Structure formats: structure tokens, C-alpha cells
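Chains P and X: place on chain A using the hints.
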Amino acid sequence: MRDFILKRVAAIILPFICIYGFYVILHGHVSPGGSFAGGIIVGLSFIAYSTIYGIEKGRVKLPEKVLTWTESYGTLWYGIMGMVGIVKGAPFLANKLAGVDLGAPGALSSGGLISLIGLGVGIRVASTMVTLFFTMMEEES
Amino acid sequence: MIASITANLPVFVVIAPLFVAFVLPTFARRMRLVEGLVIFVETLGLVGAGYLASIVLRQKGIPIIYQLGGWPAPWGIELEAGSLGVFFLLVIAGVSLPVSLFAKGNLTEEVGSKERVARFYVLYLLLGGALAGMAVTNDLFNVFVLVEVATLSCCGLVSARNHPRAAEAAFTYLIMATLGSTLVLGGIGFLYMVTGHLNMGFASQELGRIWQDYPHVVWMAVSFILVGFGVKSAIFPLHVWLPDAHSTAPSPASAILSGLAVKGYLICLLKFLYSVFGPELMQKFAVHRILALVGAVAIIAGSVLALTQEELKRRLAYSTVAQVGYIILGFGLVNTKGLTGTLFYLASHAVIKSTLFLAAGAMLAATGKKNVRELAGVGRKMPITMAAFTVGSLGLIGIPLFSGFIGKWYLLLGSLEAGNILSVAVIIAGSVLCAAYLLPVIRGAYFEPGPEEDWKDPGLPQKIALILLVAAIVILGVVPGPFLELAKRAAAELLALQ
Amino acid sequence: MKVLLEKLLVNYPYVAAVILFMIGALTVLTRSNLFKKLLGINIMESAIFLMFVAGGNIRGGAAPILGEVNPKSVYINPLPSALMLTGIVVSVSVTAFALALIVRLYKSYGTTDARRISQLRDEVTER
Numbered sequence: 001m002r003d004f005i006l007k008r009v010a011a012i013i014l015p016f017i018c019i020y021g022f023y024v025i026l027h028g029h030v031s032p033g034g035s036f037a038g039g040i041i042v043g044l045s046f047i048a049y050s051t052i053y054g055i056e057k058g059r060v061k062l063p064e065k066v067l068t069w070t071e072s073y074g075t076l077w078y079g080i081m082g083m084v085g086i087v088k089g090a091p092f093l094a095n096k097l098a099g100v101d102l103g104a105p106g107a108l109s110s111g112g113l114i115s116l117i118g119l120g121v122g123i124r125v126a127s128t129m130v131t132l133f134f135t136m137m138e139e140e141s
Numbered sequence: 001m002i003a004s005i006t007a008n009l010p011v012f013v014v015i016a017p018l019f020v021a022f023v024l025p026t027f028a029r030r031m032r033l034v035e036g037l038v039i040f041v042e043t044l045g046l047v048g049a050g051y052l053a054s055i056v057l058r059q060k061g062i063p064i065i066y067q068l069g070g071w072p073a074p075w076g077i078e079l080e081a082g083s084l085g086v087f088f089l090l091v092i093a094g095v096s097l098p099v100s101l102f103a104k105g106n107l108t109e110e111v112g113s114k115e116r117v118a119r120f121y122v123l124y125l126l127l128g129g130a131l132a133g134m135a136v137t138n139d140l141f142n143v144f145v146l147v148e149v150a151t152l153s154c155c156g157l158v159s160a161r162n163h164p165r166a167a168e169a170a171f172t173y174l175i176m177a178t179l180g181s182t183l184v185l186g187g188i189g190f191l192y193m194v195t196g197h198l199n200m201g202f203a204s205q206e207l208g209r210i211w212q213d214y215p216h217v218v219w220m221a222v223s224f225i226l227v228g229f230g231v232k233s234a235i236f237p238l239h240v241w242l243p244d245a246h247s248t249a250p251s252p253a254s255a256i257l258s259g260l261a262v263k264g265y266l267i268c269l270l271k272f273l274y275s276v277f278g279p280e281l282m283q284k285f286a287v288h289r290i291l292a293l294v295g296a297v298a299i300i301a302g303s304v305l306a307l308t309q310e311e312l313k314r315r316l317a318y319s320t321v322a323q324v325g326y327i328i329l330g331f332g333l334v335n336t337k338g339l340t341g342t343l344f345y346l347a348s349h350a351v352i353k354s355t356l357f358l359a360a361g362a363m364l365a366a367t368g369k370k371n372v373r374e375l376a377g378v379g380r381k382m383p384i385t386m387a388a389f390t391v392g393s394l395g396l397i398g399i400p401l402f403s404g405f406i407g408k409w410y411l412l413l414g415s416l417e418a419g420n421i422l423s424v425a426v427i428i429a430g431s432v433l434c435a436a437y438l439l440p441v442i443r444g445a446y447f448e449p450g451p452e453e454d455w456k457d458p459g460l461p462q463k464i465a466l467i468l469l470v471a472a473i474v475i476l477g478v479v480p481g482p483f484l485e486l487a488k489r490a491a492a493e494l495l496a497l498q
Numbered sequence: 001m002k003v004l005l006e007k008l009l010v011n012y013p014y015v016a017a018v019i020l021f022m023i024g025a026l027t028v029l030t031r032s033n034l035f036k037k038l039l040g041i042n043i044m045e046s047a048i049f050l051m052f053v054a055g056g057n058i059r060g061g062a063a064p065i066l067g068e069v070n071p072k073s074v075y076i077n078p079l080p081s082a083l084m085l086t087g088i089v090v091s092v093s094v095t096a097f098a099l100a101l102i103v104r105l106y107k108s109y110g111t112t113d114a115r116r117i118s119q120l121r122d123e124v125t126e127r
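Residue numbers (the numbering used here), protein chains in the order written: chain A, 1 to 141; chain P, 1 to 498; chain X, 1 to 127.
Hints in this document: simulated from the structure, not taken from any laboratory.
In this text the structure is predicted, and so the values were computed from the model without any measurement.
Incorrect hints may appear among the rest.
[Unchecked claim] Restricting the straight-line Cα-Cα distance to at most 27 Å, the calculated cross-link-like pairs of lysine-lysine (DSS-like) are:
(1) P:Lys370 / P:Lys381
(2) P:Lys114 / P:Lys370
(3) P:Lys114 / P:Lys463
(4) P:Lys381 / P:Lys60
(5) P:Lys381 / P:Lys488
(6) P:Lys114 / A:Lys61
(7) X:Lys107 / P:Lys114
(8) P:Lys114 / A:Lys65
(9) P:Lys370 / P:Lys488
(10) P:Lys381 / P:Lys456
(11) X:Lys36 / P:Lys370
(12) P:Lys463 / P:Lys369
For reference, chain A alone in the conformation it holds in the complex (with noise of 0.2 Å):
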């Protein structure tokens, strides 16, 4: 009975909190969170999924090399938004200096660079959050 209500429920809600975190990823410039919030919040989602729908779903959904690719590309893609700058002939990292468009302070588009690498942090983290869950739980059994 428990069970059942649980699966109903996650069912409905955890889409929303995956996007949650996306929204708190991408809105890292404008508002609190960023990065790393962001990406746990959707790391929560995914973990929260294997530990009501069982361990092995969760694998089905995030198999182990999704996880390994995931997190050294969502690396590297902070190391290549930072080669922007360099390709352009700014130093490395650099926003405005790269001719990214920032637009009017508080909107969506005025980080540039900032909510991309966010981005890819995120998906990183989260990526890690779940590959730890994953590994803790399969050292038990």
C-alpha cells in the first residue's frame, strides 16, 4: 500500500523536480543557487527514482557508461567554454572580452558564458551524486 502511493506520487513529482534543478542551474547569474545546487537537485531526482522504483530501473536509466561519459564531458565542456576566450584572443575564461552579447542585468541571456559552464558543471555533479548512490548501494549486495 505504501509502495503504491509512493510510485504514484514520485511518478507526478519528479519530473518537476529534475526541472527544478535545471531552472536553478541555468539561473545561476540571476538568482541564488548556480552550479552546484542545481546539480544536485537533479542528481536527487534520479536517486530518488532508483530508491522507490528499485536499483536496477535506476540503472536501466543511467547505465554506467552514460554515468562515465557524463561526467568527464561535462568537465571538459567547461574547459572548452573557457577556450572560447582564447580562440578569440581574450585570456582564457574571459565573458564579455569574448564578444558574448550580454544583454540588460537580471535577464536569462546576461550571464553568457556563466549559465553554460553552469551547464556542464551541473550535469557533472549530478552525474556524480548518482555513480556515488549507485556504488554505495551495489557494495551491499
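Only chains P and X this time, still in chain A's reference frame:
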């Protein structure tokens, strides 16, 4: 294109190992690709460091300032590739390339499966990148972040083996190192709250102006930073984690940990003491006397403890504690000759200790024994390895023609100039004790008869690595020229900061 | 004496940070259970975070978010909070790594008591 690479070289030297470290886990199965990439990026690092060194030497010591993101100094993070930074970059690149050559093909038996070897290399490259960052950074909080990256990588490297003692040593190291990091962060917090700047240059100017209004806070900042970095670089009473950690790590990891990681934290401490606090504040708070005393105690205590150890790797680990004492003693000599000697001794010890640990690791792996007594007769069966060990030992003792002599010579000159006769006595006594705990190993290996076993020299990459390191020891001892010039300029830069 | 008490009351975040730091340090150094050592480290780091963030606070200042509200005269300093985000990430990583090591130690030695582990290790090396 070339111009943009050379203009951004200070950042590339730091982030190139990090980029390769990020992508390594995705092709963990293809071991040759992994090892090839690691050696490739280390070579690039050496070339980059050499080029930066040539630019800085030609510029007569004016540092290359690089602003991350284009933000100027008080708002942005600044990288400063001055004489000190370039000196340490050369040391890092010069030591990690031979060590990564040594690790080629050698790691699977020590560490386990292929994925574990790939993870080892990831941690290795992260440590290299963090140390390179520590060399060039000019920002207080950046130092903390890089120190944390280095600490976690070191703990990962220590726990690489499957042995239970490795896990225990890694846990002790993690707890003590995190204690140190927390203290360092506290010290940085005090400095920020008092000066309002995170950039080292601005902070030191502000500190020179207002320290009389907040003497207690500055005192606390100095103590926290000294003890925090002291725990991490194994200064004598706080060295307890070092013997376990460095003796249970795999041999390339021991070489990097003893040779480079400890030195990285010492370079950060040097930057804090001389670039942020400044020589005058140090003398007003009598920090230089404390450093000289602690260094002297560390030399004697570390050497005496090394005499009592039966296992070879533990003996070398306690020897590191003693040599760190030499470097701290040099920090307490606030004159050009003393600081030149410290920096040169730091570089020479990095090369020598890596040679000793790699040679010891090769001997232990080939013979399967751990104690010094059981290594009798190794010299005839593994000539190249034992020759490398001998050259390293002679360098450490301070025989002329090897690099240790020049470092100790300048330290002696600096102590005489500062009027510190105790330091002179301790430096010479330390050399004698060093001979006492290293020469019996060599004598046993060459002159005692050994069992009739099939002990062979390690393979070709390992031999090349040992020969490269030995060549570095001899070259630094015979023609120190440009390297010594860099050290002298770095010492002058550190002392000239008012 | 009254001046001292008044100063302590006005700077209550720093007093709290110092007390937390001492509690954390004592826990790490005196307790032999590995989990408690790890918790001591966490408490110490929390104390330092509190000290930093309190150092950036200005009484009566507004939150440093540019919004539709009329700009107040004084915003609090956002830099220490941003620095401490990095510090919290580091603290989480250290905790995760230490927990993995504790699991490994428990599997090898069967106990999470540091004194018992060093006893067992000495027995093994004697044999």
C-alpha cells in the same frame, strides 16, 4: 595561433593536465593510449615550463602577469609567472615526466585492474595540474582550492593499493590533511577580513599599512597558516601521517608525493610568509626564529628516526621529514643566500627523493623483500637501479659534484650571514646522520654476498626514467648555471617585497 | 569586564564559530570512532564557513540581488558566500571519500574503532 598559445602559456601549463585527466576515464580499457597521453601531456608541460623560464630569464625577472577572464587585479584572479613560479614549474615538469615514464607498464601488478590504473593516472594528472597552479597563482582563495585538489589527489594515490594498511594510511592522511586545510582556510579568512583583498600583492600592501591596528588577528592568521601548511608538509611534530602514507603507496606515487606534493605546500607557505606577510612583519613577529628552530629540530629528529627504521621505504619517508626540516630552516634565514639555498635544495631534493623512491620501488618489486638487511647483494644483480640509488644517496648527503651540495653550501652561507651558528652545526650534523642511514644500504647491496636469486633490472622505460633523473642530479650539481640564476632572482624577488 | 561581555554579545556569530571550531577539533583528536572523527572534521569546516559568511555580513544591509525593489544604500558582501560555496563542495567531496575509506576499512578489519584497528595491524605485522 602560436602567438595566442604562448601568450596564454601560464594558464595552459595548469589546465592541460586537468583536461587530459577529465577525459581519461572514458577510454580506460586502452592502456597504451592512456599511458601515451599521460607521457605526451607531461612532455608538453616540460616544454611549456622551459619556454616560460626562458622568457622570464630574458626579461630580467619582471614577472608575466596573466588575468583570468580579463578581469584586472582586485576583481579577478591573477596568475603571476615570476622567477619563483617558473622555477617550481620546471621542478614539477622535470620530476613528473620521468616518474610517469617509470609508471609505464609497471602499475597493473601494484594497483590492480585496468580501470584502477586509469583512475591512478587521473589522480596523478590532477595532482600535477594542482601543483602547477600553486606555482603560478597570485590569489589567496585560489591557493586554497588548489591545495584541496592536491590533498584529495594525494589521498587517492595513497589508497591506490588494495592492501588494508593503504586504506588506514589514506584515512589518517585525509583527516590530518583536512584539519590542515581548515586551518589554512581560517587563516585566509582572517587575512581577508582584515585587508579586504584576496590578491596577494594588494593584501600585502594593505597589511603593511594596517597591521598595527589588528596585531592579534594578524598573529592568529600567521599561526593558523603556519600550522595548517605544517601539517600538510610534514614539519616535525606534525609529520605523523607521512611514514605510513608514503611507504604504503605504489612507488611512482611515493616518488611524486615525497618529491613534489610536500614541496608544493612548502612553496605556498613561502608565498604566504614572504609575499603576503613580508620579511619585516616576519621579523617583528619573530616567525623567522621559530622557523629556524623548528627546522633544526626536524632535521635532527627526522634523521635519528630514519636510523631506527628497518623497512627501506619507511627509512626514505623519515628522511623526507628531515629534508623538509632543511627547507624550513632556510625559510627562517631572511637573506638572499639563505633563500637561494632553500629553493635550490627544494629542487634538488625533489629530484633526489624521486630517484631514491623509484629505485627502491624497483628493487622491492624485483626482490619481493621489504627490509634493508634483506637487500644484500642487490647491487651486482641490478646494476643500473643500484647505481641510481647510489647517486641519489650521495646527492642527498651533500657530496660535491651532486646537486645537494650546492643547496647546502648556500644554506651554510646564509646561516653564517644571519649569524645563526646553531643552524650551521645542525646542517653539518644532518649530513653526517644522512650518511649514517643511507650508506649501510649501499654497502649491503654492493659488498655483502646475496642469495642466488634471479633479480633483474626493470624494463626499458623504467631504466630511461632512472637515467634521466640521475642525469638531472649530476647536471644540477656540476653546471647549475641558469637554474641557480632563477633561484637567486626568485630569492631577490621574495625579499624585495616591502 | 562589562565591555568584554558587550563585545562578545555584539559579535555573536564569531563566538559561535570559535565554539564550534573547538568542539570539532576536540572531537577529531579525542574520539577513536572513525565516523566521529569525520563528523568532527565536518563541524570544524562548518565553523570556518560560518566565520567567513558572518565576516561578509553588514547589519541592516540588503541581499545582494539586483531586483525590482528600490536599490538600498548598502548591499552585503556577496564574495564570502560565493567562496564558501566552493568550500562546501570541497567538504562534501572529502566526506564522500572518507566514507568510502571507512567502508573499505570495515571490510578489512571488521571494526570502525581506530585504536582497535591499530592493535589489529600491529598483531598482523608481528606475525
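Now for the hints, and whether the structure bears them out:
1. A hinted pair counts as satisfied when its Cα atoms are at most 27 Å apart, and Lys370 of chain P with Lys381 of chain P qualifies at roughly 17 Å.
2. A distance of roughly 26 Å separates the Cα atoms of Lys114 of chain P and Lys370 of chain P; the hinted pair therefore holds under the 27 Å criterion.
3. For the suggested pair Lys114 of chain P and Lys463 of chain P, the alpha carbons sit about 23 Å apart, so the restraint of at most 27 Å is met.
4. Simply put, Lys381 of chain P and Lys60 of chain P have alpha-carbon atoms about 49 Å apart, too far for the 27 Å limit, and the pair is violated.
5. Under the criterion of a C-alpha separation no larger than 27 Å, the hint pairing Lys381 of chain P with Lys488 of chain P is inconsistent with the structure, at around 42 Å.
6. Between Lys114 of chain P and Lys61 of chain A the CA atoms are separated by roughly 26 Å; this keeps the pair inside 27 Å, and the hint holds.
7. For the hint pairing Lys107 of chain X with Lys114 of chain P, the CA-to-CA distance comes to about 23 Å; that is within 27 Å, so the pair holds.
8. As the CA atoms of Lys114 of chain P and Lys65 of chain A are separated by approximately 16 Å, the hinted pair is consistent with the 27 Å bound.
9. For the proposed pair Lys370 of chain P and Lys488 of chain P, the alpha carbon gap of about 41 Å is over 27 Å, so the pair is violated.
10. For the suggested pair Lys381 of chain P and Lys456 of chain P, the alpha carbons sit about 6 Å apart, so the restraint of at most 27 Å is met.
11. Of the pairs offered as hints, the one joining Lys36 of chain X and Lys370 of chain P is violated, with about 34 Å between alpha carbons and a cut-off of 27 Å exceeded.
12. A threshold of 27 Å between alpha carbons decides the hint, and for Lys463 of chain P with Lys369 of chain P the separation of about 21 Å falls inside it, so the pair holds.
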